[in-house]
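J.: Sequence:
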Amino acid sequence: MKNKTFPDFDAAVADVPDGATIMFGDFGGIGAPQNLIAALHRKGTRGLTGISNEHGGTDGRVDVGTLIEAGRIRKMVCSITAATHPSRVTPFVRLYNAGAIDGELVPQGTLAERIRAGGAGIGGFYTPTGAGTEIAAGKESREISGRSYLLEYPLVADYAFIRAWQADAFGNLRFRMAQRNFNPIMAMAARVTLVEVENAVVPIGTLDPDDIHLPGVYVDRIVEIPSENLFI
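The sequence shown begins at -7 in my numbering and counts up by one.
No lab work stands behind these hints: they were computed from the structure. Among the clues, some could well be false.
[To be verified] In silico EDC-like pairs for lysine to aspartate or glutamate, Cα to Cα no more than 16 Å straight-line:
{"id": "1", "residue 1": "35", "residue 2": "2"}
{"id": "2", "residue 1": "131", "residue 2": "96"}
{"id": "3", "residue 1": "-4", "residue 2": "7"}
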């Protein structure tokens, strides 16, 4: 059986090339793969397309905003493109206004469904969200049962960076609380999935099969988070 565990985060991201498309798990800071992002930042990879629920950079922690501020990301696809307070100017907002980064605003539910569709091999779907707004510009629309719907296409990525609470050696994962929002579907929609795990990786068969949140078939690389970096 292939050994999916890597000795450290730098080794796990060593082959991520310039220009890659990466999904970053995050939901208000919960489930953010902070250590993997920090390793990619150290590596210096650039020209990235990022797909995330939010653009980060609002509270000083390591997140996708760290890569944006360093000029490593050329485009962000996310559901939140502004800071939570008008007085805050995040790296994304500053660079977007300066024309230094591209952005695609996707409603949160639509973002989740586009990622899920990418993992499930679905070619597209219709949703009423965004119909009649600026989001509808250039998109195919259809009336269904007297209501306007927009055609949305799936999102896939070269890599997914996610965080899990527990894993076994095959990569079967368990998530804790809000970690389950985007991490599982991103793992399914990426060609290569990298996972940072909060607890020690356990032997195969240790986790209850009925309590697995994501099967290991979707996981390619696992790195245990050292105790000193657990909250980084």
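J.: Hints first: check each against the structure and report whether it holds.
T.: Consistency of the hints with the structure:
Between residue 35 and residue 2 the CA atoms are separated by roughly 8 Å; this keeps the pair inside 16 Å, and the hint holds. A threshold of 16 Å between alpha carbons decides the hint, and for residue 131 with residue 96 the separation of about 13 Å falls inside it, so the pair holds. Under the criterion of a C-alpha separation no larger than 16 Å, the hint pairing residue -4 with residue 7 is consistent with the structure, at around 15 Å.
In summary, this structure violates none of the numbered hints.
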